[in-house]
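Use the sequences and the hints to build the structure in full.
Here my numbering is used: the first residue of the sequence shown is 65, the next is one more, and so on.
Treat the hints with care, as some may be off.
EDC-like, lysine to aspartate or glutamate: derived pairs with alpha carbons at most 16 Å apart [to be verified]:
1) Lys373 - Glu353
2) Lys247 - Asp274
3) Lys196 - Asp295
4) Lys247 - Glu264
5) Lys292 - Glu246
6) Lys245 - Glu267
7) Lys196 - Glu221
8) Lys410 - Asp466
9) Lys373 - Asp394
10) Lys247 - Glu221
11) Lys292 - Glu340
12) Lys250 - Glu267
13) Lys410 - Glu353
14) Lys288 - Glu231
15) Lys269 - Glu246
16) Lys436 - Glu221
17) Lys247 - Glu267
18) Lys410 - Glu457
19) Lys373 - Asp385
20) Lys285 - Glu233
21) Lys250 - Glu264
22) Lys436 - Asp466
23) Lys285 - Glu231
24) Lys373 - Asp339
25) Lys288 - Glu246
26) Lys245 - Asp276
27) Lys410 - Glu173
Just so you know, the hints here were simulated from the structure itself, not pulled from any lab data.
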Amino acid sequence: MDNGQWTIEIEIGYGDGYGDGDGAGSAAGERNSQICQVTFTQLTQTSVSLYSDRDERRSSSMKRTRLLIALLVLAAAATGAWLYWRSRPTSNSATQVDPYIPIQVRRGELSTDIYATGNVQALRTVNVYSGKTGVVAELFVSSGDEVQEGDVLFSLERDEDGVLQAEAEVRQRRDALTNAKEKLSKIQSLYNAAAATASELREAKAAVTDADEALRSSQLKLDKLVTKNADSVVRATASGVVSTLNAVRGQSITSGSVAAVITVLSDAVVRVSVDEYDVGTVQVGQPAEITFDALDTRVYSGSVSFVSKIGRTQSGVVVYDVDISIDNPDASVRPGMSAEANIVVKRVQNALIVPLGALEMTRGRSMARIYKSDGSVEMREVTVGLVAEAGVEIIDGLTINDMVAVANPRAGSAQNSRFGAGQGGSNRQNSMPAVMPGGAMPGAPVGITGGFQRR
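Here's what the structure looks like:
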C-alpha cells in the first residue's frame, strides 16, 4: 500500500510444464503466465473536521467490507482461471496414447491376383443337317434351349400310307411263294412216279424262284419306307445350346441343308483383356475365379487356357487377350455375357504374414517394427517374400511368437515423435515406398515387392 492505494497481484499459469517437477515445467509456466494487477485507491482524509468520529468509524468499516468483497471476487476468478487452464490438453498429453497397436504375426495363405474383365466366347459351333427332304411336322426345341447329343430337335412328316401298302404287298408275295413251293412239291412227286414231264418240273421250279425274288423285292421296298420314316426325326449331333434353328413347322426342308446350329458350352471361355504390365505374370494353368454381371453373386472356377502373344490397343492401353476355361459351365452361362475374373498369379501356403503397415524401408533394408512386452518398439531387419493386399510374407527375421507394431490412428503426430529420434528428426513413416494392390510398385509387374528386400 502506497499513498492510500492497495495493489494485489495474481499470477495465472497455463504453460506446458505443469506437473513435470524438473524445473523445465516451471520455466515454461513462467513464460506462459499472466499477472493480473488490481489496484484499490483509498480515499484520503481531506478534512477531519467535516466528519464526526462516528461517521469516520462507519466510513472505515464500509471500506474494509468493500475491500474484503473485492478480494473474494478476485480470488474466485483467479481460481476459476487456474482450473480452466489446468484442464486444457497440452502437447505432452498426446504422449499418453500409445502411438502403435500390437499385431500378432500369423500364418496363412497369401496370394496375388490380377483383375480383368471380358465376355463369354464360344470357341466351337456344330451344324446339324437334315438327312432328307420333307415337311417339318413337329418341333421339339426352340432357339436358346440346352440339348444333349442325340436329343430329337424336330421331325418330318411320315409316309404312313406307303408303309401300309408295302406291308400288304409283302404279305401277298409271301403267300405266292408258299403256293409256288407247294405246287413244286406235287410236281416233284408226280415226276418221280413218271406221271409228270420234265418240262412241268422245270416250270414249277422257275415259279418258286420268281415268287422268292418278288418277295425279296417287296420286303426291300418296305424296309426302305420304314427307314425313311425313321429318318424323319433330326437329332442333335453335339451337346450345347441351340443358337440357331432353321426348321419351321409346316414348311419344307431340303436334304443336306443346315437345320440347326449348336453352340458347344463345354468349350466356352471367358476372354479377358490384361494390360501389358501384368500379362508377363499370366501363365496357362493358373486358377481363376469368375463372376458374371447377369448371375448375381454366383462364383465359377476356371483356369487360364490361352495367353495371346499379340497385343492390341484398347482405350490407349496395350492389352493382350487371355482365355479362361470355365469348370463345369451350365446353361446360365451364355455367350456374350459380361464377366469379371481374378487370376491367381502366385499363391503361398502356410506363409508367415504381417501387415504392410508394420514394415519400413530404411537405407535399402526391409525393417519390421517389433512390439515388445514393455510397450516399446524396436526395429528388426527382415527378408520379405510375397507382398499382397492381405499382408506381406516374411521369409526370415520373424517368428510366429513375435508381435509387430502398426500405427495407431488415435495417436496423431505422437508416432512421428517416437520414431523421429535416431533419424535426424525425419518422419520414418514417409520412408515406406508406395505399394500398389498386389504388392507391385507403380508401373511394375504384379508380384514385385515394391522395393522390399527379397530372397
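Hints, one by one, checked against the model:
1. With a CA separation close to 23 Å, the supplied pair lysine 373 and glutamate 353 exceeds the 16 Å bound.
2. Under the criterion of a C-alpha separation no larger than 16 Å, the hint pairing lysine 247 with aspartate 274 is consistent with the structure, at around 13 Å.
3. Restraint check for lysine 196 and aspartate 295: the C-alpha separation of about 8 Å stays at or below 16 Å, so the hint holds.
4. For the hint linking lysine 247 to glutamate 264, the alpha-carbon distance of about 10 Å falls within 16 Å, and the restraint holds.
5. Simply put, lysine 292 and glutamate 246 have alpha-carbon atoms about 35 Å apart, too far for the 16 Å limit, and the pair is violated.
6. Pair hint lysine 245 plus glutamate 267 holds up; C-alpha atoms about 12 Å apart against a cutoff of 16 Å.
7. Distance hint between lysine 196 and glutamate 221 is fulfilled; the C-alpha atoms sit about 11 Å from each other, no more than 16 Å.
8. Taking the CA atoms of lysine 410 and aspartate 466, the gap is near 26 Å; set against the 16 Å cutoff, the hint is violated.
9. Under the criterion of a C-alpha separation no larger than 16 Å, the hint pairing lysine 373 with aspartate 394 is inconsistent with the structure, at around 30 Å.
10. A distance of roughly 44 Å separates the Cα atoms of lysine 247 and glutamate 221; the hinted pair therefore is violated under the 16 Å criterion.
11. Between lysine 292 and glutamate 340 the alpha-carbon distance is near 59 Å, which puts this suggested pair outside the 16 Å criterion.
12. Proximity of lysine 250 to glutamate 267 is assessed by CA-CA distance (about 12 Å); at most 16 Å being required, the pair is judged to hold.
13. For the suggested pair lysine 410 and glutamate 353, the alpha carbons sit about 14 Å apart, so the restraint of at most 16 Å is met.
14. With a CA separation close to 12 Å, the supplied pair lysine 288 and glutamate 231 stays within the 16 Å bound.
15. Proposed proximity of lysine 269 and glutamate 246 is supported: the alpha carbons are some 11 Å apart, at most 16 Å.
16. For the suggested pair lysine 436 and glutamate 221, the alpha carbons sit about 88 Å apart, so the restraint of at most 16 Å is broken.
17. At roughly 10 Å between alpha-carbon atoms, lysine 247 and glutamate 267 fall within 16 Å of each other, so this suggested pair holds.
18. Proposed proximity of lysine 410 and glutamate 457 is supported: the alpha carbons are some 12 Å apart, at most 16 Å.
19. At most 16 Å may separate the alpha-carbon atoms for a hinted pair to count; lysine 373 and aspartate 385 meet this at roughly 8 Å.
20. Taken as a hint, the lysine 285 and glutamate 233 pair is honoured in the structure, with Cα atoms around 10 Å apart against an allowance of 16 Å.
21. Between lysine 250 and glutamate 264 the alpha-carbon distance is near 11 Å, which keeps this suggested pair within the 16 Å criterion.
22. Between lysine 436 and aspartate 466 the CA atoms are separated by roughly 9 Å; this keeps the pair inside 16 Å, and the hint holds.
23. Between lysine 285 and glutamate 231 the CA atoms are separated by roughly 9 Å; this keeps the pair inside 16 Å, and the hint holds.
24. With a CA separation close to 12 Å, the supplied pair lysine 373 and aspartate 339 stays within the 16 Å bound.
25. Annotation: proposed proximity of lysine 288 to glutamate 246 is violated, straight-line Cα distance about 30 Å (limit 16 Å).
26. Of the pairs offered as hints, the one joining lysine 245 and aspartate 276 holds, with about 10 Å between alpha carbons and a cut-off of 16 Å not exceeded.
27. Restraint check for lysine 410 and glutamate 173: the C-alpha separation of about 11 Å stays at or below 16 Å, so the hint holds.
In the structure shown, a violation is registered for the earlier hints numbered 1, 5, 8, 9, 10, 11, 16, 25, in ascending order.
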